[in-house]
Amino acid sequence: MALLEVRNLKTYFHTREGVVRAVDDVSFDVEKGQTIGIVGESGSGKSVTCYSLLRLIPEPPGKIEGGTAMFDGMDLLSLGSKEMRKIRGNRIGMIFQEPMTSLNPYLRISSQLIEPLRIHRGLSKSEALDLAVAEMDAVGIPDPKSRIHSFPHEFSGGMRQRVMIAMALINRPEILIADEPTTALDVTIQKQVLDLIRTRQEELGTAVIFITHDLAVVSEVCDYVNVMYAGRFVERAPVKTLFREPKHAYTRALQKSIPATQEKGADLYTIPGLPPLLNREIDCCAFAPRCETQTKDQCLTDQRPNLVETDAGHWVQDCPGCLGPF
Amino acid sequence: MSYLELDNLSKHFQIREGLLAKPRTVRAVDGVTLSIEKGEILGLVGESGCGKTTLSRLIMQLLQPTSGSVVLEDERLAELSPAEIRHRRPDFQMIFQDPNASLNPRMTVYSALLESISARHPGIRNNPAEAQKAVAELMERVGLNAKQMRKYPHEFSGGQRQRIAIARALGTEPKLVLADEPVSALDVSIQSQILNLLRRLSRELELTMIFISHDLSVVRYIADRIAVMHAGKIIEVGEADAVFHSPSEDYTKRLLEAIPRIQWG
Numbered sequence: 057m058a059l060l061e062v063r064n065l066k067t068y069f070h071t072r073e074g075v076v077r078a079v080d081d082v083s084f085d086v087e088k089g090q091t092i093g094i095v096g097e098s099g100s101g102k103s104v105t106c107y108s109l110l111r112l113i114p115e116p117p118g119k120i121e122g123g124t125a126m127f128d129g130m131d132l133l134s135l136g137s138k139e140m141r142k143i144r145g146n147r148i149g150m151i152f153q154e155p156m157t158s159l160n161p162y163l164r165i166s167s168q169l170i171e172p173l174r175i176h177r178g179l180s181k182s183e184a185l186d187l188a189v190a191e192m193d194a195v196g197i198p199d200p201k202s203r204i205h206s207f208p209h210e211f212s213g214g215m216r217q218r219v220m221i222a223m224a225l226i227n228r229p230e231i232l233i234a235d236e237p238t239t240a241l242d243v244t245i246q247k248q249v250l251d252l253i254r255t256r257q258e259e260l261g262t263a264v265i266f267i268t269h270d271l272a273v274v275s276e277v278c279d280y281v282n283v284m285y286a287g288r289f290v291e292r293a294p295v296k297t298l299f300r301e302p303k304h305a306y307t308r309a310l311q312k313s314i315p316a317t318q319e320k321g322a323d324l325y326t327i328p329g330l331p332p333l334l335n336r337e338i339d340c341c342a343f344a345p346r347c348e349t350q351t352k353d354q355c356l357t358d359q360r361p362n363l364v365e366t367d368a369g370h371w372v373q374d375c376p377g378c379l380g381p382f
Numbered sequence: 027m028s029y030l031e032l033d034n035l036s037k038h039f040q041i042r043e044g045l046l047a048k049p050r051t052v053r054a055v056d057g058v059t060l061s062i063e064k065g066e067i068l069g070l071v072g073e074s075g076c077g078k079t080t081l082s083r084l085i086m087q088l089l090q091p092t093s094g095s096v097v098l099e100d101e102r103l104a105e106l107s108p109a110e111i112r113h114r115r116p117d118f119q120m121i122f123q124d125p126n127a128s129l130n131p132r133m134t135v136y137s138a139l140l141e142s143i144s145a146r147h148p149g150i151r152n153n154p155a156e157a158q159k160a161v162a163e164l165m166e167r168v169g170l171n172a173k174q175m176r177k178y179p180h181e182f183s184g185g186q187r188q189r190i191a192i193a194r195a196l197g198t199e200p201k202l203v204l205a206d207e208p209v210s211a212l213d214v215s216i217q218s219q220i221l222n223l224l225r226r227l228s229r230e231l232e233l234t235m236i237f238i239s240h241d242l243s244v245v246r247y248i249a250d251r252i253a254v255m256h257a258g259k260i261i262e263v264g265e266a267d268a269v270f271h272s273p274s275e276d277y278t279k280r281l282l283e284a285i286p287r288i289q290w291g
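Protein chains in written order, with our numbering: chain A, 57 to 382; chain B, 27 to 291.
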């Protein structure tokens, strides 16, 4: 039994332009201590997947249309809001992309950092403050005793992201959801933050769901990777396998298009076209219009391909067109 | 003499912390000397706070240097009067990170691009047929469909919007384009399209470009030479591949080690 078992998750948005199928039948497991990556372009549904698990989808227009997410015998998708609040920020923590928008600029770091301890563990102010100082120290913020009383704007971007990590981990959650935690940071700070997430994860045994569009980051931090396209997973594999033998045309096209793989002076590969609009039901291979394999005419036109296990642990959509050679 | 030279360029800011405290000097750009040839792409890398933005504002003539000068085609720009600088504005163009923020949502692509073209050719506004032709040419140059010129930015995808921003920068026939993180807000698949476009334009138009990015693998790919900036100074300049593969400064090495790399199995 995995720590978290997501089955057939569907989250739709009911808008004026029709029903947008942002997440359409997604299943995955998260084991204890594991790092699961979800990669995909903007609009592919990776953030919506995670926000659905935390029940942070604005309803309406959003609605979780189906599926289950079993976590310690509870279904996160059908839990009442009171029970959900006991889990969110306590047993499942989260870090968002832009630390400045998720910290309250009017409150000192101290009052924001002790809040989860006061709410979930009922600690007194001074007990909570001691723990918060220790946690700031653990995420590498110098002089935590006096810095904890600062306001968010007095910290640099990297330091703010450290505060976010401290806040997310302070209640020792079993799962940490990190949504593009380093996208707004520059490389050296990005490395520090990634290293920090990894060391804290090892020390605390937390499982991490890592959302990003950066393949290199995925390669460095994840154990398992799910590649998402148009609301579904097109491929899932252990990280090494995914980069050594990617199978789906989309995964291969993404890997071909990054500058790191190209000789200087050679044109970069670009994926033609645009991702499909999700406000219409897709009943064929969603990648078919952009697929450039030699077998692209064999892409499914009458049904959506299913994710099937081809090798141990390596899952890929069984669209014959997308599996052919370039 | 090179096309563009930065001659011992410095910009110091006086910062007063508290009412009675003695002012402190921040040397945001500290004696930068650099030369760029015509048609060259120079990559500028460094962490946030290293002075990249101040340096780019100095080059763009948006800030007056404390000392030193920007020399474009043998002309010392620091010695020009503000009025003359204003006439030189079309020579310098910028491409920003986020096209959603840098494009005016209430201007059609046509009016945004025409505004840029008329900075160099003020008469074009009196000749609608000519104007339309110029805008169409500009759009096709960056790979946009000229039939869409009456549309607004929100009707385009993220990658197309960045193309509009690039077209707008090219409209004034600039002598220097400064691209500040032009691809870091874009998806991987769109990044490669924009990088291809910038490289093609630099070849076709002999565009001189300064490419600022924190993603060293992107800079290595697109730039002819790389300059590494640290604490207001340029600490290393060289051929892109040389800097990338055998850096001579420890700081550059540390910067390179920080880039996440794909482990190909």
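Since the hints were made in silico from the structure, they are not lab data.
One thing to keep in mind: the hints can contain errors.
[Unchecked claim] For lysine-lysine, the following DSS-like pairs were computed, each having C-alpha atoms within a straight-line distance of at most 30 Å:
no., chain 1, residue 1, chain 2, residue 2
1, B, 48, B, 64
2, A, 320, B, 201
3, B, 259, A, 320
4, B, 48, A, 296
5, A, 181, A, 247
6, A, 312, B, 279
7, B, 64, A, 247
8, B, 48, A, 201
9, B, 279, A, 247
10, A, 303, A, 88
11, A, 320, B, 64
12, A, 119, A, 201
13, B, 279, A, 320
[Stated by the list, open to error] Sample of chain A residues lacking proximity to chain B, with all beta carbon distances greater than 10 Å (derived):
no., residue
14, 61
15, 73
16, 87
17, 185
18, 189
19, 201
20, 235
21, 247
22, 257
23, 299
24, 326
25, 338
26, 345
27, 353
28, 367
[To be verified] Beta-carbon label-pair distances, calculated as ranges:
no., chain 1, residue 1, chain 2, residue 2, range
29, A, 63, B, 126, 52 to 58 Å
30, B, 52, A, 333, 47 to 53 Å
31, B, 257, A, 239, 40 to 46 Å
Beta carbons: idealized from backbone N, C-alpha and C, even for Gly.
Here's how the hints hold up against the structure:
no., hint, result
1, B:48 with B:64, "violated (44 Å)"
2, A:320 with B:201, "holds (25 Å)"
3, B:259 with A:320, "holds (27 Å)"
4, B:48 with A:296, "violated (56 Å)"
5, A:181 with A:247, "violated (34 Å)"
6, A:312 with B:279, "holds (26 Å)"
7, B:64 with A:247, "violated (36 Å)"
8, B:48 with A:201, "holds (28 Å)"
9, B:279 with A:247, "holds (14 Å)"
10, A:303 with A:88, "holds (27 Å)"
11, A:320 with B:64, "holds (20 Å)"
12, A:119 with A:201, "violated (44 Å)"
13, B:279 with A:320, "holds (20 Å)"
14, 61, "holds (28 Å)"
15, 73, "holds (14 Å)"
16, 87, "holds (21 Å)"
17, 185, "holds (28 Å)"
18, 189, "holds (26 Å)"
19, 201, "holds (22 Å)"
20, 235, "holds (15 Å)"
21, 247, "violated (4 Å)"
22, 257, "holds (17 Å)"
23, 299, "violated (5 Å)"
24, 326, "violated (5 Å)"
25, 338, "holds (18 Å)"
26, 345, "holds (14 Å)"
27, 353, "holds (22 Å)"
28, 367, "holds (14 Å)"
29, A:63 with B:126: 52 to 58 Å, "violated (36 Å)"
30, B:52 with A:333: 47 to 53 Å, "holds (49 Å)"
31, B:257 with A:239: 40 to 46 Å, "violated (25 Å)"
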